[in-house]
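J.: Here is what each chain is made of, one letter per residue.
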Amino acid sequence: MGCMRMYLNEVNLGQSVCIVKNSDEFYLSKRLIELGFYSGIRVKPLFSSLVKGSRAYDVCGTVVALRDKVAEKIEVSLVSDGEYEE
Amino acid sequence: MKSKEYFQQYKFALSGNPNVGKSTVFNMITGLNQHTGNWIGKTVEITDGYFKYKGSEHSIVDLPGTYSLCAESEEEAVAAEYIDSGDYDCIIIVADSSSLKRNLQFTLQVLRKTSKAVLCLNMSDIAKKNDIRIDTDELTLRLGIPVVSVTARNKADIKRLVDLAIGVADGSRKTFSVNDIKALNDIENTEDFVKAVSVLSKEISQYCIEDNSCSKVSLADKLLTGKVSGSLSMALILFLLFWLTAYGANYPGALLSNLFSFLIDKFESILLSIQCPYVLVDLICNGMLTTGAWVVSVMLPPAAIFFPLFAVLENWGILPRIAFNFDGIFSGCGVSGKMSLTMLMGFGCNSCGVMGCRIISSPFERKAAIITNSFIPCNGRLPMLLTLSTVFFSSGNNSLTGSFIAALLLLGLLVLSVLITLLVCKIMSGISKNRSDNFVMEMPCFKKPDIFKTIAITFKDKVFAVLLRAVAVALPAGVVIWLIANIRISDVTLLRYITDFLEPAGNVFGVDGVILNSYIFGLPANEIVTPVMVMSYTEASSLIDYSGVGELGVLLRSNGWNQITALCTMILCLFHFPCSTTLISIYKETRSKFVTLLSFVIPLITGLILCGIINLISRIFF
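Protein sequences, first through last, are from chains B and S.
Everything in the first sequence is counted per our numbering, starting at 281 for the first residue and increasing by one.
Everything in the second sequence is counted per our numbering, starting at 306 for the first residue and increasing by one.
Mixed in with the good hints, there may be bad ones.
Said to hold, decoys possible - Output of the computed footprint for chain S on chain B, the stretches with three or more beta carbons under 8 Å from beta carbons of chain S: (1) 309-317; (2) 325-333; (3) 343-353.
Said to hold, decoys possible - Here are the simulated lysine-lysine pairs, DSSO-like style, with alpha carbons at most 30 Å apart: (4) B:K349 to S:K434; (5) S:K752 to B:K301; (6) B:K332 to S:K527; (7) B:K349 to S:K521; (8) S:K434 to B:K353; (9) S:K487 to B:K301; (10) S:K898 to B:K332; (11) B:K349 to S:K479; (12) S:K434 to B:K324; (13) B:K301 to S:K507; (14) S:K752 to B:K324; (15) S:K527 to B:K353; (16) S:K487 to B:K324; (17) B:K324 to S:K507.
Stated by the list, open to error - For the chain B half of the interface with chain S, some residues (derived, Cβ under 8 Å), not all of them: (18) C298; (19) D304; (20) G320; (21) A336; (22) C340.
Hints listed in this document are in silico derivations from the structure and should not be mistaken for laboratory results.
No experiment lies behind these values; they were computed from the predicted model shown.
Virtual Cβ for every residue (Gly too), placed ideally from N, Cα, C.
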C-alpha cells in the first residue's frame, strides 16, 4: 500500500484523497481549516465549473468550491488501494 | 422590537456557520415578527424578532452566519462582539447535522466564551437519509450543553428546541464548562488556536458521529455544471428571470399609473375646492406627487417580481452554482465569481446590488464590484432601452424581423455592459496592489424554499425599503423639476436655459442638451429620465407620459433624433453616474468619499468616451 503525494488540483474527479498539509498562507489556511480542509480529513473532487478554473469538493459532508489556484496549495495523499489514512 | 402587552423575559441569539438553516429556524420561531437592520456602525445585517411562549415574550437575534469568531471580517467581528457582551440568556448554536464535523469548530469557539448555550442539530432528516448517526447524549457530555436534533420546518422539533433554550435561560437545564474547551482560552496565537480547535473537533467527532454517507454529485449539479446542460440551464434561468420581470411588470405598471393619475386628480380637486392657490396645487400635484407616482408605478412592479424571484433562487441554492460556473471569467479580471451575483442583483436595483457586495470577502474585490455595479442597467433603465430600441431599430412596427433586431440590439448592449464591467475590473486590478485570487465558497445543498415566506420577507425587507428610499428622493426632485419648468425669465423657462446651455456639449457626444439635462435630472431616480425628456421637448410644465411608442417616436424624430442619437442615448443610459440612492448606498458601504467619487466618475467617463467615438465615426462615415 503506497502513498502518492500530490496536490488537490491534480486529483481526478471522484477520487478520494487525504489532506496532508494545508496552504502556508495564514489567512487562506485559516479559512480552509474553518471549511473543513485540515490534516487527516478525506476530500473528494466532485465536479468542475462551466468555465474552467474552479472545482467543487466534498469535505466534511459539505460541498466547497475552490479555485484551482487554491487547490494547488493543498498537499494530499492518494492511497493506492482506495482507502484513506489519518 | 417591542410588543404591546406581553412581559419581556429572555434574550436569545442564533449563531452558526452559513447555510445551516439558521434563518429557517429563526423564521419558524418568530414567524413574521422580525425586522432586518444594520448592526450599529457596521454594514452587517442583523435580524431581530420576538416570539411568545407560555405567557411571556422573548426576544431573539439572528447573528450573521460565520465560520469563525476570530474577527477577520465584519460578520465575524459582530458575532464575536455580541457573544463577548454576554447580553443574552442563551445562545442557540445551529449546526448542520450532515457536516457536524466541520460545524463543531464554530461550536467550540462559542463554548470557550460561554456555556449558556444549546446546540441545535438542524437538517436531521437529511443526515438520517445519508446514514449519518449522531450520539446526542455523548455530544452533550463532551460539550457540556444540551443537544437537540431538529428538522427546521417541523413545528414539534422547534418547540422542543425552544423548550430547551428556555430551560437554559431560566436555569432549569444545567450546563457546565468542559476543561478541554476552556483550555482553548489559554492559546494566544491565532494559528495555533485554529489548529487546536480543528484537532479537538476531530476528536469529539470520532466519539459522537458515525458517518456512513457516500458523497455523490446530485442530478441538479450535473445539470447545472455540465458543459452543454450547464450552458443551457444557466441561459434558461437568466432568460426566465429577465423575461418574467420585464413582461410581468407591464400590466401592473399601467394599472398603477392609472390609479395614481385618478387619485392625484381627485386630490387636486379637493385642494382647489378649499381655495388653495393654483400655483401651490400645481406644484404639489403635478410636480411633487406626479414624479413620486411615476417612480412608484415604474419601479414597483418589476421590483415586486425580480427580488422575490432572486430570493427564491438564492434559497433554493441555484445562485452559488451561478457564481461557481462563471468564476473562471471573473478570475481572469482579478475579481471573484461572486460578482456575477451582485451584477445580477444590479439588474433589479443598483442600490441593492451595491449592498449585495457584502458577500465578497476581499476588500479590493468588493470595492471593484461596488464601483462597477452601475454599469449594469437596473429596472429603472431597462424600459428606456427597450423603448428606444423598439422605436428606432425595429422600424417602429410590430413585425417579427423588426422586434428581433431590437431584441438583438438590446442583448448586445447588455453584453457590452458586462464586458465593460470586466474590462474596468481588469484595469483596476492591474493598477491596485490589493489583489486576491483565493476564491473559496461553500455550495449549499439544494433546498425547497418556503415560497410564501420568502416572498413575504423579500417584500418587507427589500421591495418596500427600496421603494421608500426612491420616493424619498423623487418627491423633492419633483418639486425642483416643476420649479425649473415653470419659473420663467424673459418668457423662457429655466429648463430651456439649461438645455440650451448644454446643447453644444450634447452635440459632441451625439446627443442634445435635452438628453444631457434629462440624465442630470434623473440623478434622484433613473425612472424619471424619459418623462423629463418628453416634458422638455413638449415644453410642458410638468412630467407627462407618452401614450405609445409610436407617439414617442414621432416626438423624438421631430426634435432631430436619428438612430445615432438613439444609440448614444442608450449608451449614456447604460454608462452614466449612479442614481442618488445608489450613491448613498455606496458611501454607507465603503465609508469612502474617494470610492463614491470613483463610482460617479468612472461610469460617466466611460459613457462619454463611447458616445464621443460613435458620434465621430458616424460623422466621418455617414
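J.: Could you run down the list of hints and mark each one as holding or not?
T.: Right, here's what the structure says about each hint:
1. For the segment 309-317 of chain B, the stated coverage by chain S is satisfied: 8 residues place a CB nearer than 8 Å to a CB of that chain, which reaches the threshold of 3.
2. Coverage of the segment 325-333 of chain B by chain S holds [criterion: at least 3 residues with CB-CB distance below 8 Å; count 8].
3. For the segment 343-353 of chain B, the proposed coverage by chain S is satisfied: 7 residues have a C-beta within less than 8 Å of a C-beta in that chain, meeting the threshold of three.
4. Proximity of K349 of chain B to K434 of chain S is assessed by CA-CA distance (about 34 Å); at most 30 Å being required, the pair is judged violated.
5. Of the supplied pair hints, the one linking K752 of chain S and K301 of chain B is violated, its CA atoms being roughly 33 Å apart against a limit of 30 Å.
6. For a cut-off of 30 Å, the pair hint linking K332 of chain B to K527 of chain S stands: about 15 Å separates their Cα positions.
7. Of the pairs offered as hints, the one joining K349 of chain B and K521 of chain S holds, with about 24 Å between alpha carbons and a cut-off of 30 Å not exceeded.
8. A hinted pair counts as satisfied when its Cα atoms are at most 30 Å apart, and K434 of chain S with K353 of chain B does not qualify at roughly 34 Å.
9. Of the pairs offered as hints, the one joining K487 of chain S and K301 of chain B holds, with about 27 Å between alpha carbons and a cut-off of 30 Å not exceeded.
10. Between K898 of chain S and K332 of chain B, the direct Cα distance comes to roughly 37 Å. Violation of the 30 Å bound is thereby established for this hinted pair.
11. Of the pairs offered as hints, the one joining K349 of chain B and K479 of chain S is violated, with about 48 Å between alpha carbons and a cut-off of 30 Å exceeded.
12. Restraint check for K434 of chain S and K324 of chain B: the C-alpha separation of about 20 Å stays at or below 30 Å, so the hint holds.
13. Only pairs whose Cα atoms come within 30 Å are accepted, and K301 of chain B paired with K507 of chain S is accepted, the gap being roughly 16 Å.
14. Between K752 of chain S and K324 of chain B the alpha-carbon distance is near 22 Å, which keeps this suggested pair within the 30 Å criterion.
15. About 27 Å separates the Cα atoms of K527 of chain S and K353 of chain B, which keeps this hinted pair within 30 Å; it holds.
16. Our distance criterion of 30 Å between C-alpha atoms is broken by K487 of chain S and K324 of chain B, whose separation comes to about 34 Å.
17. In summary, the hint linking K324 of chain B to K507 of chain S is supported, as the alpha carbons are separated by about 18 Å, within the 30 Å threshold.
18. Nearest Cβ of chain S to the Cβ of C298 of chain B: about 13 Å, over the 8 Å cut. The hint is violated.
19. Hint on D304 of chain B is violated. Least Cβ distance to chain S is approximately 11 Å, over the 8 Å limit.
20. The beta carbon of G320 of chain B comes within 7 Å of a beta carbon in chain S, closer than 8 Å, and the hint placing it at the interface holds.
21. For A336 of chain B, the suggested interface contact is upheld, since its CB lies about 6 Å from the closest CB of chain S, less than 8 Å.
22. The beta carbon of C340 of chain B is positioned within 8 Å of a beta carbon in chain S (closest approach about 4 Å), and the interface hint is therefore held.
In summary, the numbered hints that this structure violates are 4, 5, 8, 10, 11, 16, 18 and 19.
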